[in-house]
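Visitor: Residue-level listing of the chains:
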Amino acid sequence: MAARTLINVPPKAKRGEVIQIKTLISHIMETGFRHDNVGSPIPRDIITSFVCTYNGEKIFEATLYQAIAANPFVTFHTVATESGTFALQWTGDNGFTQEASAKITVE
Amino acid sequence: MNLQATRRQFLAATGGAAAALMVRPAQATPASMAAAIRQVVAEASVKPGRVKLELPPLVENGNTVAMAVSVESPMTAKDYVKAIHVFTEKNPQPNVISIKLGPRAGKAEISTRVRLADTQTVVAICEMSDGSFWSDKVDVIITLGACLEDL
Chain A
1 MAARTLINVP
11 PKAKRGEVIQ
21 IKTLISHIME
31 TGFRHDNVGS
41 PIPRDIITSF
51 VCTYNGEKIF
61 EATLYQAIAA
71 NPFVTFHTVA
81 TESGTFALQW
91 TGDNGFTQEA
101 SAKITVE
Chain B
1 MNLQATRRQF
11 LAATGGAAAA
21 LMVRPAQATP
31 ASMAAAIRQV
41 VAEASVKPGR
51 VKLELPPLVE
61 NGNTVAMAVS
71 VESPMTAKDY
81 VKAIHVFTEK
91 NPQPNVISIK
101 LGPRAGKAEI
111 STRVRLADTQ
121 TVVAICEMSD
131 GSFWSDKVDV
141 IITLGACLED
151 L
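Protein chains in written order, with the numbering used here: chain A, 1 to 107; chain B, 1 to 151.
Just so you know, the hints here were simulated from the structure itself, not pulled from any lab data.
Virtual Cβ for every residue (Gly too), placed ideally from N, Cα, C.
Keep in mind that the hints are not guaranteed to be accurate.
Negatives, chain A to chain B, calculated, CB over 10 Å [what the hints assert, rightly or not]:
1. THR5
2. PRO10
3. PRO11
4. LYS14
5. PRO43
6. GLU61
7. HIS77
8. PHE96
9. THR105
10. VAL106
Dumping the calculated DSS-like pairs for lysine-lysine here, alpha-carbon to alpha-carbon at most 30 Å [stated by the list, open to error]:
11. B/LYS107 - A/LYS14
12. B/LYS52 - B/LYS90
13. B/LYS107 - B/LYS47
14. A/LYS103 - A/LYS58
15. B/LYS78 - A/LYS14
16. B/LYS82 - A/LYS103
17. A/LYS58 - B/LYS107
18. B/LYS52 - A/LYS58
19. B/LYS100 - B/LYS52
All chains, full assembly: derive it from the sequences and hints.
Guide: Below, the structure written as structure tokens:
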């Protein structure tokens with residue numbers, strides 16, 4: 001199941017500058033605590049982990065729980081050290097994985 | 001007198017039973033939040049300060065609540081924030097998010113959107129590179145809680 005992702009990284013940054021990365025992914029984040037209209041529980045289906053690597057080095061790692069709202073939106077910061085790519089990976093229940101990447105030019 | 005006492009007992013007994021029935025099967029309690037926090041900090045003591053948890057004080061819809069956590073830290077190779085954890089008191093499950101950071105983060109500031117089931121206290125705890133733990137808590141009033149569609 002392909003999920004839509006949205007990543008906001010400044011295209012250019014000065015070396016050593018702290019930049020903000022905003023990420024959004026479409027996902028229902030079903031908690032597993034709800035019931036459908038005949039009373040049977042709806043199984044849990046959430047994203048459990050989100051990792052961001054910058055030129056292969058892990059810079060941010062988050063473990064998500066049911067308390068994260070649908071379509072998880074996460075922002076964080078990093079120091080722009082060199083030009084390269086940010087690779088983002090979300091993994092979740094039922095074998096869910098989604099990858100995305102963004103490029104940055106550091107001057 | 002005797003009758004009144006039994007009536008009182010009866011009401012207490014039935015009222016208690018009704019309250020027990022109303023409690024949803026899966027609900028975190030302040031005790032389970034404390035247990036979840038213990039699991040993260042182990043035996044270390046948690047001091048208030050250095051972390052700032054930002055949540056609106058009054059929330060209309062608990063399904064999406066903007067939350068921001070920032071930690072005062074120089075974020076150098078020697079002194080940085082290792083992890084940030086957020087917990088809730090009354091959600092069905094006490095954990096909200098656990099984040100691992102490193103000196104490369106530059107700024108220990110994150111934001112996301114969370115679900116809050118009820119009016120409650122939300123706690124953020126951060127772990128520094130020197131092994132100390134700091135916390136901040138915010139009381140949030142929720143008008144419409146998350147995960148209540150089936151009630």
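Visitor: State for each hint whether it applies.
Guide: Structure-based check of each hint:
With a cut of 10 Å on Cβ distances, A/THR5 stays outside the contact zone with chain B, its closest approach being about 15 Å. In this structure A/PRO10 is separated from chain B by more than 10 Å, as the shortest Cβ-Cβ distance comes to about 13 Å. Its beta-carbon lying about 18 Å from the closest one in chain B, A/PRO11 satisfies the requirement of being farther than 10 Å from that chain. With a closest Cβ-Cβ approach of about 12 Å to chain B, A/LYS14 is found to remain outside the 10 Å limit, as its non-interface label requires.
Look at A/PRO43: its CB is around 14 Å from the nearest CB on chain B, clear of 10 Å, so calling it non-interface holds up. A beta-carbon of chain B comes within 10 Å of the beta-carbon of A/GLU61; the shortest separation is about 4 Å. Taking the minimum C-beta to C-beta distance to chain B, about 4 Å, the non-interface status of A/HIS77 is violated against the 10 Å cut. Every C-beta of chain B lies more than 10 Å from that of A/PHE96, the closest at about 17 Å, which supports listing it as non-interface.
Non-interface status of A/THR105 relative to chain B is upheld: no Cβ of that chain comes within 10 Å, the nearest being about 18 Å off. Every Cβ of chain B is farther than 10 Å from the Cβ of A/VAL106; the closest lies at roughly 13 Å, confirming the non-interface assignment. At most 30 Å may separate the alpha-carbon atoms for a hinted pair to count; B/LYS107 and A/LYS14 meet this at roughly 16 Å. About 21 Å separates the Cα atoms of B/LYS52 and B/LYS90, which keeps this hinted pair within 30 Å; it holds.
A distance of roughly 21 Å separates the Cα atoms of B/LYS107 and B/LYS47; the hinted pair therefore holds under the 30 Å criterion. With a CA separation close to 16 Å, the supplied pair A/LYS103 and A/LYS58 stays within the 30 Å bound. For the suggested pair B/LYS78 and A/LYS14, the alpha carbons sit about 23 Å apart, so the restraint of at most 30 Å is met. For a cut-off of 30 Å, the pair hint linking B/LYS82 to A/LYS103 stands: about 26 Å separates their Cα positions.
Distance hint between A/LYS58 and B/LYS107 is fulfilled; the C-alpha atoms sit about 15 Å from each other, no more than 30 Å. Between B/LYS52 and A/LYS58 the CA atoms are separated by roughly 25 Å; this keeps the pair inside 30 Å, and the hint holds. With a C-alpha separation of about 17 Å, the suggested pairing of B/LYS100 with B/LYS52 holds against the 30 Å cut-off.
Of the numbered hints given earlier, the model fails hints 6 and 7; all others are met.
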